[in-house]
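Chains as they are written, first to last, in the numbering used here: chain E, 265 to 634; chain X, 21 to 288; chain U, 50 to 386.
Since the hints were derived computationally from the structure, they do not count as laboratory data.
In silico EDC-like links for lysine to aspartate or glutamate, alpha-carbon gap of 16 Å or less: (1) U/LYS196 with X/GLU30; (2) E/LYS478 with E/ASP290; (3) X/LYS144 with U/ASP124.
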Amino acid sequence: MASKDNSFISLQGVAKHFGSLRAVEDVTFDIKRGEFFSLLGPSGCGKTTLLRMLAGFEVPSSGEIYIDGQPMSAVPPNARPTNMVFQSYAIFPHLTVAQNIAYGLRKKGLSKAELADTVEQALQRIRLGGYGQRLAHQLSGGQRQRVALARALVCRPKVLLLDEPLAALDKKLREEMQIELRQLQRSVGITFVFVTHDQEEALALSDRIAVMSKGRTLQVDSAARLYEAPSCREVAGFIGSMNFFDGTVTDVDGDIATVDAGSAGALRVPVNGHATRRGAKATVAVRPEKMEIAWQPPQGVTNSVAGRVTAEAYFGDRSHYHVEVSGLPHHIAVALQNSQRSLDTTEARGRRVWLTWPVESSVLLPQAGG
Amino acid sequence: MRRRSIGWLELYGLLFIALLYGPMLLLPLFSFNDSLYIAFPFKGFTVKWYEAMVQDSALLAALRNSLSVAIPVSIVSTAFGLLTAKALTRFRLPGRRAIVGLIMVPLVIPFIILGIALLTTLRKTFDVPLSLWTVAAGHILICLPFSVMVLISRLEGFDRSLEEASLDLGESAWSTFWRITFPIVLPGVVSSLLMCFTASFDEFLIAFFLSGDGATLPVFIWSQLRFPQKLPNVLALGSCILVLSFLLIAIAEKLRRGGIPTEKHSGF
Amino acid sequence: MAADAISSGAGQEPRAQRWSIVLCRRLRAWYLGSDAARGYLLLMPTLAVLFALLVVPVATLFLTSFCTQVYFKIDCSFTLANYATIFEPSGEVGYFLGIVPYPEMETPIYAVLLVRSIWMAFLVTLSVMLLAYPMAYFLAFRVTRNKIRWLILITVPFWTSYLLRAFAWKVILGYGGVINSGLISAGIIQEPLSFLLYNPTAVIITLTHAWLAFAVLPIYVSLEKIDRSLLEAASDLGDSRIERFLRITLPLSMPGVVAASLLVFIPTVGEYVTPTLVGGSSGKMLGSVIQSLFGQANNQPLGSAVSLVMMLVVTLLVCAFLKVTGSKLKAREVQDA
Ligand SMILES: Nc1ncnc2c1ncn2[C@@H]1O[C@H](COP(=O)(O)OP(=O)(O)OP(=O)(O)O)[C@@H](O)[C@H]1O
Ligand SMILES: [Mg+2]
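Just chain E, with the same shape it has in the complex:
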């Protein structure tokens, strides 16, 4: 089945239990050849465990992993077509940078000269020419990261596994490395499986992302689809921020449903393929930056909610507002670009406002048990 579509790595009902702790539960998805695939989720959700099962350091408690059509459960890590960049980089402290990079090439039957050549090329490529004789503790964090990357890549793996490889770097270096990593992946064409808990990083780099929570995958999709069409409330809340209006579906008219969201009134929202019916519980989700603030009661718009500004935070390019809507348990967050703002704009706090948004900017989320 793996070879029928273009899936290259296939996880089938994979689970990992540590004693009574269920670190990974029933994970099933495919990764395509040459894809930059990310595992994204909060700390402790099982990303590393899943990656280590791909690498062979952990064996699934149940389920099976296929890489390139081969089941992996009886394949030890050293025989798998994967290489890993460790979170701690794991640069061998007693070997030089050159020896580190050459480490995986021993079995490849290269001559001494070829070996030296390969290592030198790799060093050039990571812009560490002349660093070959250094030891790990003589390198900076970014340099180690690149050595770890080169060490894995010279082995020409089919899959490169990266466990939060950028987490230890400072912000600027991290952004540089993100771009480099993406370019590198395009140029070598190797499948990357990338673990991160930084959603911006995942969105910026990945072809597709698996969002994980408590050992399960919530949604496996492209960055844009995760952001624009989250499948559930957790994904919507984890990627970016999101306002939720809980209510009941009162009407389904083709592609548009109407949800009665209590004091927020009747909201119209695209169904987007969700199975829903009249009377079902549902949530309307709207991103803060997709809302507009009207200071006067708006005329002729479909979705409009009245409230009062309780807090305002100014970020220069944009401002965030908290709007209290009577009858809703939590405030609504709104983000506005400050394109027309000037120094004498009046203070917003305490003012009565109306929040509006286009129908297609909102998302319908079916509620559990609804």
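Please build the complex by placing chains X and U with the ligands on the supplied structure of chain E, with the hints as guidance.
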């Protein structure tokens, strides 16, 4: 106020060291005294006790016995200790605590009980004749805890992902051990070898019970203590042993606490 | 899928072989997946050593204790006579720390010796802790440079021949020994002092010295672990240096003190070398008796029984000690977490 309390503790530290080393230093001191009696005042400087020592054939035989026990014991204990430490640090083992407890038991049982228990079992129950082999067996038992402790802390001190990285880069478990694990734990291994060697070389009680005709050096010394005219020789011999033990253990400790930089030491 | 992979490669081969391939793969997967299997494989040699040289001997000792020595043979019909002997009053006078407590009473010699051994081990442990703690404190809080060198300097003596160190004390305390000859040649005394050697105090001094180097380390480690900001917080909340020591430092270093105490106390109860060298008859401990029962007195079953009773009593004491200190330590661990 603050000054003074620092002063007191420092004074105590120095006093402590003096107290610790003072009694031991008496042996080398009096070993150069030209008198049969270990007493003040000094009668004059001599090395004749050392000369007598190297001509004592029984002593040399005991030395040979001690070496032929201590060297294999240190190697075997360290090898077993390394396997054990690896198993205990690298795998999630059911019953880990019980096993660690069992390994450490010889540290907290009085040696005399180990000695008699081994004696009864080997000699009376299984009818193994007492020899240097039985001494070595007993010594392996008491060296294992030291070896395991030293090596566990060494193995815990380095990042497990180093070994995983090696496996990941295509090396087998065996070659990973020799290319990564062993070089990194080498200081610990040497330290363990030296400690086990010293422990075995200096051990008296178990050797006392388990050695047959071939006495080890401490057993030989014990037998000499009864004869006052032999005491100066014992002093000379003891001084040599003290100096040797001191050097070996100092090196072992230095290796154990220092060593090549691992990921941890290098700031990660 | 799994079946696909096999049948494509081994379609023509006989069934049996296909099954063996599957079996091999299953076994391999199990081995790779089972930490226990891989771990215990590595543990095999050590477990064999422990079984043959620790478990079996202790079991043998246990069994022997129910036997009877008949000249050079051991009669292994079950009897509790050896255990009875231990608590049986005997004609010998029971010294207790050099004093004869009940001259007229016939005391059970082994039981009295056991109590005396425990009492002496307790005194040794106490004095070791009192002397070692300040040193550990000094190392942990005052030594800033060359810490490793200090640590090595402290620990090395423990490893040097214990026999020689005990012998050194015999030389120091002896009738014609270093102290006496020193005092005489300094003109302070005329006659050698005879009360220095061959008494319980000599044993306690020698053993204290022997363990001193060993006990510093565990205490030091637990002191070193204490988060310095806790101490600063205590001061900040108004503790004086002494209050702070009593309320923060001392309680937090208790795990090290407890560990060190046990590591000193337990082996000391069964001490043989030191009492024999410097103890004389009043400083005799149970270890000497055990040795003679396996040596000249040649009564192995009784010797085994005495050893086992000693271990049992010590274990009970240790458990009681751990119960008392343990509950406090546990509570602290919970607070830590
Ligand atoms: N070897 C292990 N033994 C027991 N539990 C483990 C082991 N490895 C991981 N876990 C547990 O499994 C869960 C998932 O861990 P994992 O390391 O996969 O999380 P993660 O998503 O990578 O988190 P982070 O972002 O913090 O790295 C955690 O609760 C962790 O404590
Ligand atoms: Mg992780």
